[in-house]
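Protein chains: 2
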Amino acid sequence: MKIKDIAKLAGVSPATVSRVMNKNGYVKAEKREAVEKVIREVGYRPNEIAKSLKNKRSNIIGVIVPKISTETASRVLEGITQIAKERNYQLLISNTNLQIEEEINALEFLSNKLVDGIIISATEVTDQHLAVARQLTVPLVVIGQRMAGFTSILYSNNHAVHDLVDHLVQAGHKKIGFIGVDPKDKEVGQVRKQAYMDALNHHQLPYKEELVAIGDFSIESGYQQMASILKKQRPTAVLAVTDHLAIGAIQCIKDNGLSVPADISVTGLGDVKLAKYLSPPLTTVHYYFKTSGQLAASELFNQIDQLNMENKEIYVDYELRIRASVKKIERNS
Amino acid sequence: MKIKDIAKLAGVSPATVSRVMNKNGYVKAEKREAVEKVIREVGYRPNEIAKSLKNKRSNIIGVIVPKISTETASRVLEGITQIAKERNYQLLISNTNLQIEEEINALEFLSNKLVDGIIISATEVTDQHLAVARQLTVPLVVIGQRMAGFTSILYSNNHAVHDLVDHLVQAGHKKIGFIGVDPKDKEVGQVRKQAYMDALNHHQLPYKEELVAIGDFSIESGYQQMASILKKQRPTAVLAVTDHLAIGAIQCIKDNGLSVPADISVTGLGDVKLAKYLSPPLTTVHYYFKTSGQLAASELFNQIDQLNMENKEIYVDYELRIRASVKKIERNS
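Residue numbers (the working numbering), protein chains in the order written: chain L, 0 to 332; chain B, 0 to 332.
What the hints contain is simulated information worked out from the structure, not anything from laboratory work. Hints may be right or wrong, so weigh each one.
As the list claims (entries may be wrong) - When the alpha-carbon atoms are kept at most 16 angstroms apart in a straight line, the in silico EDC-like pairs for lysine to aspartate or glutamate are as follows:
hint, chain 1, residue 1, chain 2, residue 2
1, B, LYS84, L, GLU107
2, L, LYS84, B, GLU107
3, L, LYS84, B, GLU101
Claimed, not checked - Quick list of simulated restraints, FRET-style, between CB atoms:
hint, chain 1, residue 1, chain 2, residue 2, range
4, B, PRO205, L, GLN169, 51 to 59 angstroms
5, L, ASN200, B, ASN255, 52 to 60 angstroms
6, B, PRO182, L, PRO182, 50 to 58 angstroms
7, L, LYS230, B, LEU204, 46 to 54 angstroms
8, B, ASP316, L, ASN200, 47 to 55 angstroms
9, L, HIS158, B, ARG145, 44 to 52 angstroms
10, L, GLU219, B, PRO205, 42 to 50 angstroms
11, L, SER227, B, LEU204, 43 to 51 angstroms
12, L, ASP215, B, LYS230, 42 to 50 angstroms
13, L, GLU219, B, ASN200, 37 to 45 angstroms
Note that the Cβ used here is the ideal one computed from N, Cα and C, for glycine as well.
One chain only, chain L, in its complex shape (with noise of 0.2 angstroms):
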């Protein structure tokens, strides 16, 4: 279907069709409402037509990642780019290495290039963010944090860490520890953290300062956390907010002469590829990162093709995985 079928079925010239689809110029309401008519009653195919309406799209999609090297990020662009593919579009990379700055030279260097939108991965939203993607030209849509006036998709951190405090308080457990990341981070750092408090309150357990660490992403600020919360108190679980975190809290109790789950146990968040192969497999959570990268990427393309622009939070779905790294205690331990 072209231009000039759809104009001489509405019977209008194909100028017409090119003014109503692109919102550009003055079109008489009856000849509005015919093409309309026809684009509803043959199907209403965008990248067809933006084809041959020649608008100069670039089919690239701008895509900035906090650190390309993790499982989460690579699962996100996957879905991404299976979207992406179906519409023929390439993404362009930015690898923004956990800098804040990094992320906001994307963001202008992005928008300096061709790319007919921006999806961003963001560890932090800062004022400079802001105020950066409001100066955009083209549609940006965000995973992970919110940001005002941007469509979000978010992961359920809140509920998520409810559902493992809750799995772990009916294995028995009432000493749960800790391991978290810098609140700069506001979904991880925050919000899981905050969930893990109101969790804590909600079973009329005590939040104890001691049993709380705060680390970095990697394996090893897991194993750092894990040996200081060893040397204040024993826990009799450890709640880590992400897989790598709880990993490196088993290594370090293993070093500890002390053994998962017998002794503590733990869990994660995420469901990394290996998590169910580990000793103890890690009960952790499931979250659907390609999944949030195909949706990204659906949004995305709804606001190119102007099919949908307002605003919204989406939250990607999570399954809790219970597996050995948990273990059932008596009542009064």
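Since the structure of chain L is already known, use the hints to place chain B on it.
Here is chain B on its own, set in the frame of chain L:
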């Protein structure tokens, strides 16, 4: 240092410097030598000079990867990004999902876009690859496979497998099984299997068809291929050509009520991030994937800058990582 500064020092016109830099147009031998001498003396900084030449670079390199959601791909990409960032370049990434046609398409797509050069991490090199590659007007560097007429960054597959077999034989193993992949992947499928056969031969051990199974790159395939070997004969050790295959094989051995390494020793290749956190920690070969990305990018930039147009084969270092998944056994067992 700008073009006009070089021109002043060399006593020639800026246009002459430009012609020498771009290898474009006639320049008298003595003038060329004067320019080259100045460039050598002041330190050649091609990127800045290139900018001042306004030679219409896009500052984008195209990268084609077989499967973006693997750890190997993401480590290679991190290496490329690191070098690219130093040069203020961005990556345009195509994910081919292990499909040959997609690789060819991506090559063609990128050659039509304004990229300054292309890096391909190929699973196979077909005549089609070569045909498209030879028509490119920008430099191309290949990672992981040989491609005649182009610079290749290669892994020492042959030596690495020999080292693994040596290690197993020194530990007393004589019945060494093998889990490989499709020979269409020349480097991983063919070279690694041939090295296994040669190494057995070197140690005067017989090659036994029933101890060999061929899968794909997934953990699940490692599990299935191990199961098929166990149905025929029980080896004392198994060499899997990737860590994921090894992880699947270990799971299968455990599910058959056997123990690693007490009953069967297992080795992998690649050294994924979690290899040392497995139980038992996996004996494997560490490949410097990030380094291979850095090397590929450096070679590509040399070619983009026309510093070195010679095609090379560069081998990336590797290291045997001896961990607890291999057991020393009695001489005559």
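Hints and how they fare:
A C-alpha spacing of about 15 angstroms is found between LYS84(B) and GLU107(L), which places the hinted pair at or below 16 angstroms, so the restraint holds. Among the hinted pairs, LYS84(L) with GLU107(B) is consistent with the structure: their alpha-carbon atoms are about 15 angstroms apart, no more than 16 angstroms. As the CA atoms of LYS84(L) and GLU101(B) are separated by approximately 10 angstroms, the hinted pair is consistent with the 16 angstroms bound. Range check, PRO205(B) to GLN169(L): Cβ separation about 56 angstroms, and the 51 to 59 angstroms hint holds.
For the pair ASN200(L) and ASN255(B), the supplied restraint of 52 to 60 angstroms is violated, since their beta-carbon distance comes to about 47 angstroms. Taking the beta carbon of each, PRO182(B) and PRO182(L) are about 52 angstroms apart, inside 50 to 58 angstroms as hinted. In this structure the hint that LYS230(L) and LEU204(B) lie 46 to 54 angstroms apart at CB holds, the actual value being about 51 angstroms. Here the CB-CB span from ASP316(B) to ASN200(L) is close to 53 angstroms, well matched to the stated 47 to 55 angstroms.
Between HIS158(L) and ARG145(B), the C-beta spacing of about 51 angstroms keeps the proposed range 44 to 52 angstroms intact. In this structure, GLU219(L) and PRO205(B) meet the distance hint of 42 to 50 angstroms, their C-beta atoms being roughly 44 angstroms apart. Checking the proposed 43 to 51 angstroms range against SER227(L) and LEU204(B) shows it holds: the Cβ atoms sit about 50 angstroms from each other. Range check, ASP215(L) to LYS230(B): about 46 angstroms between beta-carbon atoms, so the 42 to 50 angstroms window is met.
About 42 angstroms separates the C-beta atoms of GLU219(L) and ASN200(B), a value consistent with the hinted range of 37 to 45 angstroms.
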